[in-house]
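Quick mapping for you: the protein sequence lines, in order, are chains A and B. Mapping of the first sequence onto my numbering: residues 16 to 189, in sequence order. Mapping of the second sequence onto my numbering: residues 19 to 461, in sequence order.
Calculated directly from the structure, the hints in this document are not laboratory data. Be aware that one or more of the hints could be misleading.
One-sided excerpt, in silico: chain A residues whose CB lies under 8 Å from chain B [what the hints assert, rightly or not]:
#1 Thr124
#2 Tyr142
#3 Pro163
#4 Glu164
List of simulated lysine-lysine pairs, DSS-like, C-alpha gap at most 27 Å [unchecked claim]:
#5 Lys121/B <-> Lys80/A
#6 Lys204/B <-> Lys353/B
#7 Lys188/B <-> Lys443/B
#8 Lys121/B <-> Lys166/B
#9 Lys204/B <-> Lys80/A
We treat Cβ as the ideally placed atom computed from N, Cα and C, and that holds for glycine.
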Amino acid sequence: MKQIATCAFVAVVAAFAGCTGTDVADYTGNASDGAESIAGIDDGGVSLFDSDITVEHFQSEIGNKVFFDVDQSAITEDIALTLDGQARWLLENTNFDALIEGHTDEQGTREYNLALGARRANSVRDYLIDRGIAGNRLRIVTYGKERPEELCSEEICWSANRRAVSVLTERIGT
Amino acid sequence: MKIRAAVAVTAIIASCAGFTSALAQTGESPLRIEITEGVIEPVPIATARFVADSEAAAPFAEEITSIIVDDLVGSGLFRNIPEQAHIAKITNFDSPVQYSDWKAINAEALITGSVEVLPPETISVKFRLFDVFLEVPVGDGIKFTGSKSNLRRLAHKVSDVVYSRMLGEKGYFDSRVAFVSESGPKGSRVKRLAIMDYDGANVRYLSDGRSIVLAPRFSPDGSRIIYTSYESGVPRVYIMDLNTLQSRELVESVEMSFAPRFSPDGRKAIFSLNKGSNTDIFEIDVATGNFRQVTFGNSIETAPSYSPDGQSIVFESDRSGSQQLYVQPINGRAKRISFGDGRYGTPVWSPRGDYIAFTKQAGNRFHIGVMRTDGSEERLLSESFLDEGPTWSPNGRVLMFFRESRGEFGAPFLISVDVTGRNLKKVPTPEFASDPAWSPLLR
């Protein structure tokens, strides 16, 4: 059930990422309201701040994905850079929580990959907690090799699949 | 020659008693096949088309005969002499066998049988096995009775008796395989729990594909499966009753759990739990749900499997820096058993206790292999882009696993292979298939 809810949410976010107008339901509505009020305060250079608070910004500018080397789950400098951005965004947008998905490439057995995906998700969660995000805002799930994003059986796809994805979920009732 | 009667298939438990005592009288047969690692020539056998005792029985007689031939030939240990080559035709199950007719076509063994329909829904199968060269029956004749819907099982029962009389050990034909049936594109595969006969017949789906499901494993009595499902949003261990298809969460924890297997007595199960920031192995009491930790450390410990006596487990761990196999008395110290090149995972203890089967990854290729329980005598049985997840036939002679092809349209399918490495072949399934688990021999 929750699975479906997450998928629906991602679909909304994806639609929002490319949206220009009013056709994308509640979610877009809220975000445009915010944009208008900010635009009202300042008539020029605040577009940066404007886009900072959007989910689109989180996904494409900060990056909702981090990538790991084969078998690795350690937080490298590159990963830290992205996660620092994620942490800042989450500190400012307290109405959002994150579900951290751990994924692997297809080169490995199912059980090991589940454990490795869990290790990657744990590693990201622990880092974000270190950066001040409350643990109860971060949930984890491992998909192991069940949900590859790139489908070829070459390193170029495998490296894209060895990932942890921070999926934003808007908290209900806040 | 007396026909041993056994009652109804519902009744196959009752028939087992008769079955065992018939076997006990078999003794050593000169026909006995020894399975060794050398190349063996399949034994030529003739299966006379089973005699139908009425017109109504004719289609059943034909189907049963052909299932028996498929079982025996499919084992790789027998070669069928086709019916067209038979000189003699058996028209009366109780007439004496003319051995010379079967010697002339070089049959070493002969199977004869008859099929009777007992309206409305019951059929009964009688059969005998003969050593053509010694001109003697091998064991007593046996009769199995069951409903028409269990016709395939009746035939598999006959095959199992033939197999056991010629090999001196139990067969594996009257058994099932639980697996994950897969459909849809690689990036968003739909996975359903499924169960089928060992040969791919009678596929039945146990889940609807809404949640990802992984790696079903049978209870030792075959009545339940234990598996991993994403029903709650994260992977957790569930247990399902195969009669009612009711399932429940077995491991009640907020943490993620996966890779479960039953203990040999069915009272416990062993599985992986992601606790804190790490995956370790835990054992659960199936009735109470109480569980306790059995491996400790900061490394990944997963894919556990019990020894047949339930006293030890084998599992994989990357504590040495890469995935390797370890054997551990359930409350004792782990000892590494894999030392070859590459990495090792998914160990499964043979029901005979003699081997551990595993997945090996070396040089970007995957293999299914077996080794002794101390890690010696490692032998690889397969090789491909991705071979994974072996399961043992109930008699420990055959392994089934899945192979995934490469690329964007790559997909998994099931393969079986003898423990000797011979007779590697695809197991037919209606969709893509992965994570096979062989049941115990049915009763």
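Hints, one by one, checked against the model:
1. Annotation: Thr124/A was flagged as interfacial toward chain B, and the flag holds, the nearest CB pair being 4 Å apart, inside 8 Å.
2. Checking Tyr142/A against chain B by beta carbon gives a least distance of about 11 Å; that is not within 8 Å, so the hint is violated.
3. Because the smallest distance between the Cβ of Pro163/A and any Cβ of chain B comes to about 6 Å, under 8 Å, the interface hint for this residue holds.
4. Proximity of Glu164/A to chain B holds as hinted, the smallest CB-CB distance being about 7 Å (cut-off 8 Å).
5. Proposed proximity of Lys121/B and Lys80/A is contradicted: the alpha carbons are some 72 Å apart, above 27 Å.
6. About 38 Å separates the Cα atoms of Lys204/B and Lys353/B, which puts this hinted pair outside 27 Å; it is violated.
7. Annotation: proposed proximity of Lys188/B to Lys443/B holds, straight-line Cα distance about 21 Å (limit 27 Å).
8. At roughly 34 Å between alpha-carbon atoms, Lys121/B and Lys166/B are farther apart than 27 Å, so this suggested pair is violated.
9. Among the hinted pairs, Lys204/B with Lys80/A is consistent with the structure: their alpha-carbon atoms are about 20 Å apart, no more than 27 Å.
Of the numbered hints stated above, those contradicted by the structure are hints 2, 5, 6, 8, listed in ascending order.
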